[in-house]
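Visitor: Letter by letter, the chains look like this.
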Amino acid sequence: MSQLYNLDFIIEITNGKQEKINMILEKFLLDAPVSVKNLDSSFRQKKMDNLKREAHSIKPIFRSVGADAAIRAIEQIEQYCSSPVFYELIQIELDQLDKISYAVCQQINLKLQKSE
Amino acid sequence: MPNKIKTVIVDDNPYAIELLKTLVEENFPDLQITATYTSPAKATEYLKKKPCDLLLLDVQMPEMNGFELLETITPFKGNVIFTTSHDTFAVQAFRYHALHYLVKPVRLVDMKDAILRINEMTPSKNGGGHSAVHIASQFKHVINKIGLHAINEMVFVEINDIIRCHADGAYTNIYWQKEKILSSKNLKYFEELLEPRGFFRIHDSHLINVNHIKKFVKGDGAHVIMTDGSQITISRRKKNEFINLFE
Chain A
171 MSQLYNLDFI IEITNGKQEK INMILEKFLL DAPVSVKNLD SSFRQKKMDN LKREAHSIKP
231 IFRSVGADAA IRAIEQIEQY CSSPVFYELI QIELDQLDKI SYAVCQQINL KLQKSE
Chain B
158 MPNKIKTVIV DDNPYAIELL KTLVEENFPD LQITATYTSP AKATEYLKKK PCDLLLLDVQ
218 MPEMNGFELL ETITPFKGNV IFTTSHDTFA VQAFRYHALH YLVKPVRLVD MKDAILRINE
278 MTPSKNGGGH SAVHIASQFK HVINKIGLHA INEMVFVEIN DIIRCHADGA YTNIYWQKEK
338 ILSSKNLKYF EELLEPRGFF RIHDSHLINV NHIKKFVKGD GAHVIMTDGS QITISRRKKN
398 EFINLFE
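Just so you know, the protein sequences line up as chains A and B, in that order.
Heads up, the first sequence is in our numbering, so the first residue is 171 and it goes up one at a time.
Heads up, the second sequence is in our numbering, so the first residue is 158 and it goes up one at a time.
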């Protein structure tokens, strides 16, 4: 599988300090799965306004690690939230986001292990 | 540490705080993070007791949004940089005299620009305070929408779509495309907000979007016809100023 993340942003804000990069990535690993789970929860409760707002709010989390595939899925979810017609498509995109997020976290976790 | 800019970060997302804190600590030695809060209510308590020079404030938070937080600590003498993933809040941000409005995750280049503004706009240089109009000019590249306060909701409308605003006592009717909303704000509020964006107060009771004028009818009862077909009289006092807009 190709690399699903890009650390340019984090390297820039940390001035390339490995210790700081690792600290931020560890926090990302804690935050990203919870954020995706919250989206899923809003969807199951059919709180579409919440879902749209939360989807928009979590974009910066994935943007910070350059996870473009995750951002594309989130943007699709945002777009589909505008109409109940797209309910099934939201489910598909949420599943897709879940998979991407999991893969991004796995890859980042691996990178952290290598750098230790 | 004398002369450091005391900075407080408020964001409901701990990861967002971590990113911002790292950005500041690693790149801005003149700034000192004195506190960070995920809870706007706790931040409010702190800020009432210990004012800071710079507030990095998230807009959309549960319990209380960034604008509400700012109101609870008014008068706040420091500078405010709003951080958010929603660019539709830009108009509101400058109503609250925000120094800058940064989209998350905040990039180094954008933060540098914002901090530069703090240095350029210190009270000794600009006489203190930032007028809404002055701040508006800084936000031209991001302002696309306006949040209209109705009774139970806030409706976001593209500024370019607004055709006219008509005073109704202390309220204002806003007309765009084929829709209309009664806002709880008065016409003066919209005049200050929209004049830098191509609106003109044509009459005591009317503010119009110049881009939506279809026809100007000269003569004693001079008036304009707008793209929605409405006919609006130009007050005598404003007639010359209006004509000068197009000459």
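Heads up, some of the hints might be wrong.
What the hints assert, rightly or not - Here are the simulated distance ranges between beta carbons: (1) A:Lys216 to B:Glu182: 38 to 48 Å; (2) A:Asn176 to B:Ala198: 22 to 32 Å; (3) B:Arg274 to A:Asn176: 53 to 63 Å; (4) B:Lys207 to A:Lys216: 26 to 36 Å; (5) B:Gln388 to A:Asn208: 33 to 43 Å; (6) A:Asn176 to B:Gln388: 24 to 34 Å; (7) A:Leu199 to B:Lys205: 50 to 60 Å; (8) A:Pro203 to B:Leu265: 24 to 34 Å; (9) A:Glu245 to B:Ile338: 46 to 56 Å; (10) B:Lys207 to A:Ser172: 18 to 28 Å; (11) A:Gln173 to B:Pro171: 23 to 33 Å; (12) A:Glu189 to B:Glu349: 45 to 55 Å; (13) A:Lys187 to B:Pro219: 43 to 53 Å.
Said to hold, decoys possible - Straight-line C-alpha distance at most 35 Å; calculated DSBU-like pairs for lysine-lysine: (14) B:Lys199 to A:Lys190; (15) B:Lys178 to B:Lys337; (16) B:Lys234 to B:Lys207; (17) A:Lys281 to B:Lys178; (18) A:Lys216 to A:Lys229; (19) A:Lys207 to A:Lys229; (20) B:Lys178 to A:Lys284; (21) A:Lys222 to B:Lys335; (22) B:Lys163 to B:Lys205; (23) A:Lys222 to B:Lys372; (24) B:Lys395 to B:Lys302; (25) A:Lys197 to B:Lys371; (26) B:Lys342 to B:Lys395; (27) B:Lys178 to B:Lys206; (28) A:Lys229 to A:Lys217; (29) A:Lys187 to A:Lys281; (30) B:Lys161 to B:Lys207; (31) A:Lys229 to B:Lys371; (32) B:Lys335 to A:Lys197; (33) A:Lys190 to B:Lys206; (34) B:Lys161 to B:Lys269; (35) B:Lys371 to B:Lys396; (36) A:Lys197 to B:Lys396; (37) B:Lys178 to B:Lys234; (38) B:Lys178 to A:Lys190; (39) B:Lys199 to A:Lys207; (40) B:Lys269 to A:Lys281.
Treat the hints as calculated values from the structure; they're not laboratory data.
All of these numbers come straight from a predicted model, not from anything done at the bench.
Quick reminder that beta carbons are idealized off the backbone N, C-alpha and C, glycines included.
Visitor: Quick one: which hint numbers does this structure break? Sort them smallest to largest.
Guide: Going through the list in order, the structure violates hints 2, 3, 4, 5, 6, 7, 9, 10, 13, 15, 23, 25, 31, 32 and 36 and respects the others.
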